[in-house]
Structure formats: structure tokens, C-alpha cells
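J.: Line order of the protein sequences matches chains F and H.
According to my numbering, the first sequence is numbered sequentially starting from 24.
According to my numbering, the second sequence is numbered sequentially starting from 182.
Since the hints were made in silico from the structure, they are not lab data.
Keep in mind it's a predicted model, so treat the numbers as computed, not measured.
A few of these clues could be false.
Chain F stretches covered by chain H per the calculated footprint, using a threshold of three residues with CB under 8 Å from any CB of chain H [as the list claims (entries may be wrong)]:
no. : stretch
1   : 75-88
2   : 107-115
3   : 319-325
Reference excerpt, derived from the structure (chain H facing chain F, CB under 8 Å, subset only) [to be verified]:
no. : residue
4   : I214
5   : G234
6   : P236
7   : V252
8   : I260
9   : R264
10  : R318
11  : V322
12  : L364
13  : M368
Here a beta-carbon is modelled for each residue, glycine too, at the ideal position from N, C-alpha and C.
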Amino acid sequence: MNSRFNYFLKDRDWHPDESDLLLYLDGEQPSWKAARIRMHLEACWACRVKAEKTSQTISSFMDYRNRILLPSLPSAAEHTGRFESRLHALAVKTQANGPSWSTMLAGIRAFSGRALRAPLTVVGAAVLLVFGLAIGVSYVWSPTVNAQQLLAHASAMEEAHDNNPNVVVHRSLRLEKRRYNDKQVLVRRRIDVWHSGARGITARRVYDDSGKLVAGEWSERNGSSAVYERGARTEISTRGGIVPKVLDSPDDLWEYDLSARSFEGLAAAAADAQVDKQGNDYVVHYQPKGGSGANRLLSAALTVRKDDFRAVALELTVREPESSGATAGPGTPVVYSIVEASFEQRPALGINSDVFQTDAEFLAPPPPTKQDDVAADLQIETTYLLDRVGATLGQEVAVTVGADRKLHVEGVLATESRRAQIVKALAPVRHNPAVVINLITVAEALQRKRAEPYVVAKAEAQAERASIPLYDQLSQYFEAQTAPGSSVDVRAKIQQLSEQVLEDSGEAMRHAWVLKRLASTLPPTEIGSLSETTHNEYLCMVAAHAQKVGERTEKLRLALDPILFPDGISPGMAGEGSSASPTDMTVAVRELFDSTSRNDAAIQSGFSVTTGQAAEGTAKAQEIQYTLLEAERLSKWLGHAANVGNCGPDSPRE
Amino acid sequence: MRLKTEVSTQATITAQSSVLLLTQEPMDLEQNIVHVYETLRTPVYQYLAATFGDPVEAEDMAQETFLRLYVYLASGKTIADNRLRSWIFRVAHNLAIDRTRGMRFIQELASEEYRAVVLQVPDGGRGPEETLLDHERFSAVRNGLALLSGQERRCLHLRADGFCYREIAEILNITSSSVAEFLRRAMRKMAR
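Please construct the entire structure, taking both the sequences and the accompanying hints into account.
T.: Here it is in C-alpha cells:
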């Protein structure tokens, strides 16, 4: 009893510290100490409060963790597919490598342990002997590797690596071309490849012997790619056809991906391929059966590392096609080889994104060459031919110089017969390789865009109260012209005049548009460099269209003179100079276009039917008066300046 | 000739109350690893993301962990049934330590993101006053977490994942008494 009393007194002075309380709450205290703390907490309010406070802290943390922290993390569930492919690739590799020594030793330990525990040690010794023999056999005899399986395994590994978002792969490859059985290298290139798994982008740059960037390809995971070659082409395409393309044009082999996947595409009958083991590599040899005729591929060999199943070298023997660079001669067997010079994987975060950007030198337009002068002539000639059949009016056909430095003639035409007419008119340039003609009919365009709704603007009848802003002035004029008692429909006359005025103004505008387009097509500095014939054609086109603007403007003025300008106006002609400089003409074209535009706008607002309040007719009349005078003056000046007297009877179609 | 892989025939994941059968056939092993991955990927990923701070890297490390499990079992080694879960966390932890060596921990939730998440937390029918108190508590915990050392943070999250002190010590390769000390310090910092 005494000892119990002493213990009680002693224990009253004892208090568990923070660690003891936490261990107690976590169930980590030994049972005797847990019992002691439990008893103490029953007796001690201060320690009970401390324990509750710790519990509250735990509670708050768990609440924060479960309601805020963990839900804010991106879900891990979406990556299961990628894990399975990685695991499968690993499993394939593990199985392909065969059982390791550690596996075998583990097996020996397990089996020998059981055998030795058995009463018949003879059985154990026999088992050991069998294992010993098996190890020996497996060491000496190695199973044949199947090409299909090997390529499939390597492809799975490549896919897993390519999709790894955490690393960026940088490979440097060496491409060489030589004649079969000849060591002399005909072409040598260095290919620099960057691949980002996170972005799904592969940037491939090709450098020549001197280290100059000569080509590049930027491809995306969805299969689209942009190919650039210095001074040649920009090709946007899908990568689906790369294998046949390589066979047709082996000089484009730099676009080929050095991988087991690509090799599977090349060696269509991979089942026929053979695998050799060479040191640390597998070499897959493929020789197409009956490799003659259209099949240019004579043989292919892919080297795959045993360590990581990465394709590190490719050798193709092909017959040089006629379209090739003919460094070896058409039909000559040539050998192309791509060998990996370096390979590195870098953390994605530390990579400068510039390596995936298209180089500026591919994007910048090439410097002007003599070829551009020829293109200018060709452009004017083509425009002239189109102009003769009225195809330059409106937006029917567009003539542009593409990034490929070719002249593109493109348009959507109302009917098949109209297309035939334009194609016929383009006969002199149709077979020029620098001209690309792409003319389709509306029906074809609709077929192509079947999914898009074709919206037809429907002209609604105007409301009864609709009128034109100049209605009052026109009405006064026509009423004054009408003899008393006669039954002339003034409203019908106004409508007839309005339609005519709008049509003339619209026509003047269309020709002014052509003039403007001609002027913008050819800067004044280049007009002088045109050949004499083309220069003449150019001037004739300017003169003809300026004349048409002048005719329509004059017609407008004559129609509106007695109505809007009863006091009479004078066109105020400019001097009829015949030796205008290209700059003068370009400025005049621009001014004529501006003036005709203002004129058209004024006429549109003065004569178009509106449902709003009638505008101030006088103001409209004054505006039209001014712009008409200006347009007529400029068009006549231009017509005289451009018409040097050598223009034929052809004139732009109305 | 291929030796049969000797692995544990049955492993139990106690925290998930899920029984995993790891059989001897290689193909079955691959399927079983996928099953283990599907069962444990979320806690492993969450642990890595919460304690090492990079969700993208955490996901990759989580996958790598299960690939190592495959290699380990396929090589004929075994894992005791009741140690599978802590084995996976230990491998994940070591992998993360290796990969993030020398890198600074990035707080799991940036301020703007934290505010956005807090505002989206369902109030569970609690009144505005209680919701406000919740937000204050969350803020206090977040501030406390920012003061923790790496080991304190790891001990805390592993304890929250249901591991006992001995298992945490195994995963982190420290002693149980160190675990107790790290947790005590963590509690003190969080209670401020």
C-alpha cells in the first residue's frame, strides 16, 4: 500500500512530453507506457488539452491534405496506357535477354535447397547436375532471334521513349551516299534531330560538308510535317508516304527516321528478314524478293543495339532513279547509309525551346534573283492573257507568286465552259513549269466543302416606304420633263435611272480595281526591267482599263449632268501627255482608284434604296459632281499616257 | 531454356484491403504488375508529388517505380507479402531522392492556385461562418507545411498514408526514433 501511495505521488509530478503524447496517439508506445499515459490523461487536464491540441493539428492537416492538396494534383489515371506500353517494352526486353545469371542462381538456390532438405541426397545431386548442364547449354547455344519480334520489340521501346514527356532526345546522324562496291563518298550530310516527347515535335536539320544548313523538317505527332530546302520548296504534308517517297527519291533519305518503326515500313515483308548478331548489336537484313522493275530497293540492313533496342544504323542499296540528282547515274546501284554519331537524353526542363523553332533562314523570303525578273514578265504576260478574256475583273481569278517562287493562277469559276475558256486563253503559258494553274468550278468547290453550309444572300424586297436619298431631286426633274396631263410613271423612271447609274459606277469600279491590282503587282522600279513585248502588254492593259473607267465615268456624267448639275460642269482635262514615267502612272492609278471609289460610294449612297430617312440630296449631288470630274480627268490622262499606239484590237471584256 | 521466376505467390496490400496474386508466369507477372500499378499508383504518385513537388516528374517516377518492381520480381527475387507496399514506397522515395538531388522543393500549391482551389472546395452544407473558419485552418496548415523540412514533410505524408513508424523508417532509411522526432517537430511547426 505504501509503495502504491509512493508511486501515485511520484506519478502526479510526471507529465508526458510532446513526443510521448504523439507516440501514444499514434499507437507507437509500448503497452505499459500507453497504460501509464492513459491513466495520466484521465487525471491531468493540462496534458489532456495538449493531447487534444495535437489531435486537432493532425485533424487539420488531414483535412487540408484530403480536401485541398491531393485534389489539386493532376490526376495520375490518364497515364495508364503509357505505363502499360513501357512495361510491355521492358517485359519484351527482359524476355529477349533471357534469364540472367542472378535468376539462374536464385533458381539453383531454391531448387537445391529443397533437394538437399529431401532425404534422398542423390535426387538433389541429380537436380544439380541437370541445372549445371542446362547452364552450359544456354551459355553455348543461343536461340535464333526472329526479325519480326525484334522489330516489334524495338518499336515498342521507341514509342515508349518518344512519348516520355520528361526528356528531350538529341541525335546526330551521318548520312552518306556512295556507289555500290565503291568506298568513295558521293554525298555526305550531317543530320541533327531533336525530339520532344511532351510537345510531340521532331525537328530535323540537315547540314552539308561545310556545315551549312541546307534543309530541315519539322514534324508533329499527328503526322503533319513541314519540309524546307534551301532555295527550293516548302512542303507541308503528312508523313504517311515517306517510305515510298524515299525509294522514289533516295536523296530525300535525310527525312527518313532512323528507327525500327520506319524499317518495318520499308521492309514490307519483315518475315523474310534475317537477324545476325554482331557483338553488341543485332543486324536485320532484308532483301526483297524479285527486286527488279518498279522495286528499286535492292537490300536494306538495320542495326539495333542489344542494350536498349535502339536503331543506330541503316544501310539501303537502291537503284538510282532517273529523277535523282544523278550523281551515280540512273539505274546504278548506290548505297545510302545513316549512322548514329551521338545520342543524348536531356531533361525537358533545361532545353531551350529555340531548337524546335523553324530556322529564320527557311522562313525568310529568298533574295531576289534574275529568275524573279523572268517571273515578273511571266506574271504580266499571264495577267494580260487573263485580261483578254475578262478574267481579271472582280475576284474571279487570282495571280500570285507562291513561296515556291512559282506563279499560281487560282480561281473558282461559275461554269465548266468559263474554265475551259480561261484555260484556253492561258495556252501560251500553260506548259511553263513556273506556272501552276488551279482553276475549279463552283460545283467542284461546293463538293469539296460539302460540310459547310452554303449561305445564299437573299435579296429581300424593300419595304413600301423605301426610297433613294436623291429621290426628291430626281422626282422634280422628271416631273418638269413631263408634259402636263401625260401619264408618265416618275417612280419607274427614277428606278430605271438609278439602276443604270449604279451599273455604270460598278463597272467603272471593277476596271479601277484591275488597274490598282496591276500597279501593285509590279512596282514602278520593275516596270523598266520588263521586256519590250511585256512592257507593251502592260501599258496596253493599263490604257484599256483606264479607257473603260473614263467611258463609264463620262456616261455617268452625261446622264446626271442635266439632273444634278443644271448649271453645267467642265471636265477640266489634263494635258494629254504621252510620255508618262512609270512612277507618274502608278500614282495616277492610285489616285484614279481613290477617286472612282469615292465616286462609287457617293453614287451608292445617293441612288441606293434605303429604308431610313432621305439624306440631304444637295450634299450628295455636290459630292458626286466632284468625284466624277476627278475620275474622268484621271482616267483620260492615264488612257493617253499608257496607250503608246502599239496596242492591238483586244480590249478587256466588259 | 527458361527458368521459372520464383516470386511470392500472394501479396497483400493491407491499406487498400486488396489482394494481389503474383504468379510465376512472365505474362501473368506483367498483368499483375499492371494491377499493382492501378491499385497503388495514386498513393505513390501523391506522395511523390506532395513531398518532392513536381507532379509531372512524380508521375514518371511512379511509373518507373513499378517498372523496377517488375524487374525485381522477374529476376527471381521475392518480396514478403506484408512488405510490398512499403517496398514500393521505398523504391519511389529513393528514385525521387536520386532524381531531385540538388533541386529545391517547389511548394505544391502556388498562391493563386491555392486560392482557386479553396474557393472550389464544397462547403458540405456548412454555413458561411464555418466555411470561413475552414479557410483559416487551411491557411494555417499551408503556412505550417511551408516551414517543414523535407524529412518532416515525408514523415508526415507517409504517416497520413497509414504507415507505422517502423515502415516509415524503412522507407526513408532512418531509425524509428528519428521518425518520431521528425513528426514531433512537424506537429510543433504546424500548431503555431
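J.: Check each numbered hint from earlier against the structure, then list the numbers of those it violates in ascending order.
T.: 3, 5, 8, 9
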